[in-house]
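In order, the protein sequence lines correspond to chains U and G. Here the first sequence is numbered in the numbering used here, starting from 87 and rising by one per residue. Here the second sequence is numbered in the numbering used here, starting from 35 and rising by one per residue.
Fair warning: there could be bad hints in the mix.
[As the list claims (entries may be wrong)] Here are the in silico distance ranges between beta carbons for each label pair:
hint, chain 1, residue 1, chain 2, residue 2, range
1, U, W162, G, L95, 55 to 61 Å
2, U, E187, G, G347, 33 to 39 Å
3, U, Y105, G, M329, 56 to 62 Å
[What the hints assert, rightly or not] Chain G side only, calculated, beta carbon under 8 Å to chain U, not exhaustive:
hint, residue
4, S279
5, L282
6, H384
7, V505
These are computed hints drawn from the structure, not numbers from a lab. All values derive from a computational prediction rather than experimental measurement. For each residue, glycine too, the CB sits at the ideal point set by N, CA and C.
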Amino acid sequence: MASAAAPYPSGHAAVAARYDAVDEVYRETRDIRLVGFVLFLLSDCILFSAFIFAYVYLRNSAPAWPPFVDGRQLPWFDTSFAAFNSIVLFGSGVTMHFALENWKHLDKATFYRWLIATIVLGLGFLLGQAHEWTGVLHDGVTWPGSAMGASFFTLTGLHGFHVFVGVCYLTILGIQASRGVYTGSKYFGLTAGTLYWHFVDVVWVGLFFLFYIW
Amino acid sequence: MHPGTTTHDTHEVHGHIHPPPEGFVRKYVFSLDHKVIGFQYFITGMLIMLIAGSFALIMRLQLIDPQGALMSHNAYNEMFTLHGTAMVWMVLIPLVTGALGNFAMPLQIGARDVAFPWLNMASFWILPVAALILFSSMLFGGPHAGWTEYPPISLADGTAGALWCVAIFVVGISSTMTGMNFMVTVIKMRAPGMTWTRMPLFTWATFATALMNMVATVALSSATGALFLEHVFNVPFFDATRGGSAVLFEHMFWFYSHPAVYIFVIPAFGVISEVLPTFSRKPIFGYKMIAFSSMAIALLSFTVWAHHMFPSGLAPWLQLPFMILTYAIGIPTGIKMFSWLATLWGGRIHFTSAMLYALGFLITFTFGGITGIFLASVPVDLHEHGTYFVVGHFHYVVAGGAVMGFLAAIPYWYPKATGRMMSERLGQLGFWLFFIGLNGTFFPMHWLGLEGMPRRYASYVEFAKTNPDAVFWNRFETVFAFFMAASIGLLIFNAIWSLKHGKLAGINPWGARTLEWTISSPPPYYNFKKIPEVYGPPYDFGHPMPYRNTDNEIEPYPEYGKVVMPVPAAAGA
Numbered sequence: 087m088a089s090a091a092a093p094y095p096s097g098h099a100a101v102a103a104r105y106d107a108v109d110e111v112y113r114e115t116r117d118i119r120l121v122g123f124v125l126f127l128l129s130d131c132i133l134f135s136a137f138i139f140a141y142v143y144l145r146n147s148a149p150a151w152p153p154f155v156d157g158r159q160l161p162w163f164d165t166s167f168a169a170f171n172s173i174v175l176f177g178s179g180v181t182m183h184f185a186l187e188n189w190k191h192l193d194k195a196t197f198y199r200w201l202i203a204t205i206v207l208g209l210g211f212l213l214g215q216a217h218e219w220t221g222v223l224h225d226g227v228t229w230p231g232s233a234m235g236a237s238f239f240t241l242t243g244l245h246g247f248h249v250f251v252g253v254c255y256l257t258i259l260g261i262q263a264s265r266g267v268y269t270g271s272k273y274f275g276l277t278a279g280t281l282y283w284h285f286v287d288v289v290w291v292g293l294f295f296l297f298y299i300w
Numbered sequence: 035m036h037p038g039t040t041t042h043d044t045h046e047v048h049g050h051i052h053p054p055p056e057g058f059v060r061k062y063v064f065s066l067d068h069k070v071i072g073f074q075y076f077i078t079g080m081l082i083m084l085i086a087g088s089f090a091l092i093m094r095l096q097l098i099d100p101q102g103a104l105m106s107h108n109a110y111n112e113m114f115t116l117h118g119t120a121m122v123w124m125v126l127i128p129l130v131t132g133a134l135g136n137f138a139m140p141l142q143i144g145a146r147d148v149a150f151p152w153l154n155m156a157s158f159w160i161l162p163v164a165a166l167i168l169f170s171s172m173l174f175g176g177p178h179a180g181w182t183e184y185p186p187i188s189l190a191d192g193t194a195g196a197l198w199c200v201a202i203f204v205v206g207i208s209s210t211m212t213g214m215n216f217m218v219t220v221i222k223m224r225a226p227g228m229t230w231t232r233m234p235l236f237t238w239a240t241f242a243t244a245l246m247n248m249v250a251t252v253a254l255s256s257a258t259g260a261l262f263l264e265h266v267f268n269v270p271f272f273d274a275t276r277g278g279s280a281v282l283f284e285h286m287f288w289f290y291s292h293p294a295v296y297i298f299v300i301p302a303f304g305v306i307s308e309v310l311p312t313f314s315r316k317p318i319f320g321y322k323m324i325a326f327s328s329m330a331i332a333l334l335s336f337t338v339w340a341h342h343m344f345p346s347g348l349a350p351w352l353q354l355p356f357m358i359l360t361y362a363i364g365i366p367t368g369i370k371m372f373s374w375l376a377t378l379w380g381g382r383i384h385f386t387s388a389m390l391y392a393l394g395f396l397i398t399f400t401f402g403g404i405t406g407i408f409l410a411s412v413p414v415d416l417h418e419h420g421t422y423f424v425v426g427h428f429h430y431v432v433a434g435g436a437v438m439g440f441l442a443a444i445p446y447w448y449p450k451a452t453g454r455m456m457s458e459r460l461g462q463l464g465f466w467l468f469f470i471g472l473n474g475t476f477f478p479m480h481w482l483g484l485e486g487m488p489r490r491y492a493s494y495v496e497f498a499k500t501n502p503d504a505v506f507w508n509r510f511e512t513v514f515a516f517f518m519a520a521s522i523g524l525l526i527f528n529a530i531w532s533l534k535h536g537k538l539a540g541i542n543p544w545g546a547r548t549l550e551w552t553i554s555s556p557p558p559y560y561n562f563k564k565i566p567e568v569y570g571p572p573y574d575f576g577h578p579m580p581y582r583n584t585d586n587e588i589e590p591y592p593e594y595g596k597v598v599m600p601v602p603a604a605a606g607a
């Protein structure tokens, strides 16, 4: 791609050079926002941890798991579909990584392709979750019905809400990018969106283990 | 145009300078200035303190008579629930982190504002909304289960209980955002040369507090969120008959609420660490130990929550480590206490009202800390749990620790904030009223508790039959509670009166040495004409101030456009 006439050389050294080639104010602002965003993700992590603690606590203090409701033991969650849906979500993490990398390497067209792929996969995951919830409800596990349902719907609901927010977030980032808000050296918004999306992925690793493997 | 080809256009730089605020709304209502936001927190917190404090006085009046002199048991339950809830979340935490932290911390590190001014404004405006929601619950019968709102009882509160959950959830979000904001500010916005070990100790304390605020408050939001779901959608997190667990709520609640007591006492520690060396004219003893103790307390505070739950059927193998860890948290606290005493030793002590509050703090907080060690011990706690001993201990730590520290900060920073001194005569009278009132109100609670007087009872007829002295001591406490109320009234009068009639303060009336005392009082909206450079530790009395590039009176204030402010916008690249 890179020709001698290209204004920037390609490759990681060039990416790093562009990253540093910003004015002092932008550099400081970017640092401040990065620390702030990481701290925000940390506090979000505590939110999930608290509800995960609640689930582990309730499960360990229950006489039987899955619990009995009206004399009937509730069924386990179905692992196979959730595994498929997890692959969809993790796949969206990969596509988001490629999107950001392409932006850093100044390939705007490819960036949009990967970003749209990410948004589509995110929406696909949400559809899958809707399907999953229908199945679980059909099995008789309800939100107000049992501790198992309470934990499951609260945690996956919180996570699904985060995915939904993430899809909106990435869409807004795409629109901003098309309007020229970001440049090859000033793209903190895209970095933050990517961090958020990876965070939502990582949370799902924990939830998948807790509800479908454990 | 290809995204990379834009050169660093200069309009971005100018886009980051925010103009001086104009108009009443921008200046005083939706202000982005951390100092104005600090005042807003101060005024709001004091107003809520008047409400929650009057609830306390009403409770004390009820207990004049063993039958209960004033009101029904239900109304009494409502009073102590709202007193505790409002005092903890809407008075103390906003006052010590929101008001003091906002005002002093950016000045102390040589910053022009906090890292996210807009977020700071949003954090503040959540507070009055949360307070309105909390007090509106009184229209629905009010919450009754105490400030902890433990589930089996609180689930009977209906709409009022749900409103309680919403109020605490919302104010928790405000705390979390403030914590995040302050952490980033301290990490990223210190003046050049201000290394971590040259930071003033109040800034250290604010940093440790911000860490706890950010990490722990989300756990509280989760607990109140889950309780809200149980109230409204009947989701069985805490209802034991449907597979939930009431003890789970205690875990989630205390994981926040134990750090919460450090959230409001560590900023007070920070104030004491500023006031004592200033008025002893002596470097603080053990600067690093005090700073690291703040961090040690912050970290340890996450490991002690279950000492509130010894009677809940906690497994013995869990009781022991929680007991030992709770003892362990006394070590950094003790380090601080001895360092403060050593700071006084050989100093030239000036008994200003700020210093009197700080010295009073050393006495009352130590006393509350020692009874805390009693309560950390499992057998003693099983005996004293739910008695007035706990109420006495808690109020010695909170009123004698956090509030005393806060009251020391008011006369200390008032000259910097307003440009005028507070009346010393009124301030010292206020101190003695508060100190005597505090000890008179809470000291007898210890032996009433040891005799077995249960807390949260609207009448104590049966207890008074076996312990006839209880009537006398309860009346005694009620009288002294009004001393404290008078002291707060005097403080408010003093603050308002001194705005007009106080002596002009000048730049540095106390001869203190941290950065906020190098700029004019009150500071301009951008704080520092030039960002100063720091080359030494903050408390070396007797040496020249360790700052270069500070403001001086000859140089004119820079024009708008020459000062680079932090970015106020929430979005953008």
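message: For each hint given before, does the structure comply? Return the numbers of the non-compliant ones in rising order.
response: 2, 3, 6, 7
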